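Guided by the hints, dock chain B onto chain A, whose structure is given.
Here's the letter readout for the chains.
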Amino acid sequence: MKALRCRECGQEYPLEARHVCEFDFGPLEVVYDYEAAKGRLTREAIEQRPHSMWRYAELLPIAGEPTVGRQVGFTPLIKADRLAARLGIRELWIKNDAVNYPTLSFKDRVVSVALSRAREMGFEVVACASTGNLANSVAANAASAGLTAFVFIPNDLEKGKVVNSLIYDANVIGIKGHYDEVNRLCAEIAGKYNWAFVNVNMRPYYAEGSKSQGFEILEQLGWKIPRHTVVPMASGSLLTKIHKSYQEAVKVGLVDEAEYSVHGAQATGCSPISTAYKEGQDFFKPVKPDTIAKSLAIGTPADGFYALKVFQETGAASDDVTDDEIREGIRLLAETEGIFAETAGGVTVGVAKKLIASGAIPADDSAVLCITGNGLKTLDAVENHAGDTKEIAPSLREFDALLDSDKELAAATK
Amino acid sequence: MPVNVRIPTPLRKLTHDEEVVETSAETIGAAIADLESRYPGIQDRLVDESGEVRRFVNVYVNEEDIRFLDNKDTALKDGDEVSIIPAIAGG
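These protein sequence lines are chains A and B, in that order.
The first sequence: position 60 = 59 (numbering that gives the first Met the number 0), numbered continuously.
The second sequence: position 19 = 18 (numbering that gives the first Met the number 0), numbered continuously.
To be clear, the hints were calculated from the coordinates, so they are not data collected in a lab.
As the structure is a prediction and not an experimental result, all values here were calculated from the model.
Any given hint could be a false lead.
Each computed SDA-like pair below joins lysine to any residue, with the alpha-carbon atoms no more than 25 Å apart [as the list claims (entries may be wrong)]:
(1) A:Lys287 <-> B:Gln42
(2) A:Lys287 <-> B:Arg54
(3) B:Lys71 <-> B:Gln42
(4) A:Lys389 <-> A:Pro361
(5) A:Lys277 <-> A:Gly87
(6) B:Lys12 <-> A:Pro49
(7) A:Lys191 <-> B:Glu48
(8) A:Lys223 <-> A:Pro49
Which chain A residues stay away from chain B? Per the calculated CB distances, all over 10 Å, these [stated by the list, open to error]:
(9) Pro13
(10) Thr66
(11) Glu119
(12) Thr299
(13) Ala301
(14) Arg326
(15) Glu327
(16) Arg330
(17) Ser357
(18) Leu378
(19) Asp405
Glycine included, each C-beta is placed from N, C-alpha and C at the ideal position.
So here's chain A without its partners, still in its complex pose (with noise of 0.2 Å):
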């Protein structure tokens, strides 16, 4: 790490918490040194490292070692020939962050970068906006470190969200509107209380982390930029890392340039960035937020400029799917793959089934899906929507009877 630098107008800010321009409020980036990294980081190097995100960390933004989350990252990349079948398209991998450690989604990548980086900074309380799983990651990671954590979310999430940052003994704060109102909460007290909140002031470090996911993908793949990738985006952050982490790589020298697409997948009941893409804008408008991936539900996504400027750079596209398609493409995931994503999950799967039916993404070409979240956080969702079990009592007769009377549990036997 060299300094922090602002998109916009390039003005260097030493390496301190400070996430925007003090000049026109544009974001802050963390400077490398790619030259030295190029030297170091090798294909050879980092095949001898530990199987986990910081096996690339000279292009992540923590001075020392990595001390919080070590184990971080890694997660499988799974060829997924069934669901290839069922969405047409020759060859489909699953980059599955649902099983991601410690908290099952890809924010463990975010914040263990966000904390190691706070504990080199000397804080000792952190903190974070959140639609869930950032909250989840944040008190996990914080109770290991021995932090204290301050997570603010919207008072509304699913049940297996709340109650999975609170079990870490996480100070929880649910704020009486959408995650839109709580990060506008966040900022203030973030100016005003001097902690690590990990994505308002810590935000050019945090956000970083997310290139572990496309990292990953590269080494996993052999080394070799996927053709198509699809990405979620709420603030669009992860898209925008993703994409950063393939031209990165070609920088450094571990693959080679290729062609590639990196597109956007939204929910239609908050799709900011997915409309202003249609409607053919370089900007979005902020919309109030109704859909089932409350995951997905930021208004006023951040990045959604950055995002924009991806797909016209890539030659990429964005679309949006709805509540039914959003569950649709859970049970999919889940049917044909043994997968159960969240439903930021089901809007990835959606979104691809639609972007290789209108040719999008050609039905002869291969795609990567980035599942970021698992689905037992978010079984509100779908619990009336995944049918039902078929009580019998503990008796042969009665199962018999059952196999006569249902003809699909007939068929099955078959």
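For chain B alone, coordinates are given in the frame of chain A:
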């Protein structure tokens, strides 16, 4: 009772470290002009060349984003709370 305007950290050098300043302006646009007369330079930081609020600045009146109201023409009355917040946060 005037309108309170909450100033974000990156602009507090201009307001001599004041976190909250008062105005009696009747719209957001007029409030920005009023701030400029007392804290020269602040308008350029909030508004672009075409006169619109900058891409990376969010302005709220009583917790509502002015883009859901009347943008710079959003009316202000005594007792309103205006917050100016960097757009890049969260997610």
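Should the label of glutamate 327 of chain A as a non-interface residue stand, given a Cβ cut-off of 10 Å to chain B?
holds, 26 Å
With 10 Å as the threshold, tell me whether alanine 301 of chain A passes as away from chain B on beta-carbon distances.
violated, 5 Å
Holds or violated: is the Cβ of proline 13 of chain A farther than 10 Å from all Cβ atoms of chain B?
holds, 15 Å
Taking 25 Å as the top limit, are the C-alpha atoms of lysine 287 of chain A and arginine 54 of chain B close enough?
The given pair, whose Cα atoms are some 19 Å apart, holds under the 25 Å limit.
Need the status of pair lysine 287 of chain A, glutamine 42 of chain B: alpha-carbon distance at most 25 Å?
violated, 28 Å
For arginine 326 of chain A, which was marked as not at the interface, is the minimum beta-carbon distance to chain B over 10 Å?
holds, 24 Å
Need the status of pair lysine 223 of chain A, proline 49 of chain A: alpha-carbon distance at most 25 Å?
Given that 25 Å is the threshold and the Cα spacing comes to 21 Å, the pair holds.
Could you grab the alpha-carbon distance between lysine 12 of chain B and proline 49 of chain A and see if it respects the 25 Å cut-off?
violated, 46 Å
Leucine 378 of chain A and chain B, when compared Cβ to Cβ, separated by more than 10 Å:
Given a closest Cβ separation of 24 Å, the condition holds.
Is the Cα-Cα distance between lysine 277 of chain A and glycine 87 of chain A 25 Å or less?
Holds - the C-alpha atoms of glycine 87 of chain A and lysine 277 of chain A are around 23 Å apart, at most 25 Å.
Is the claim that threonine 299 of chain A lies outside the interface with chain B correct, judged by CB distances over 10 Å?
Label violated. Min Cβ-Cβ 7 Å, cutoff 10 Å.
Just double-check threonine 66 of chain A for me: nearest Cβ-Cβ distance to chain B has to come out over 10 Å.
About 24 Å separates threonine 66 of chain A from the closest Cβ of chain B, which puts it past 10 Å; holds.
The structure does not agree with the numbered hints 1, 4, 6, 7, 12 and 13 stated previously, though it agrees with the rest.
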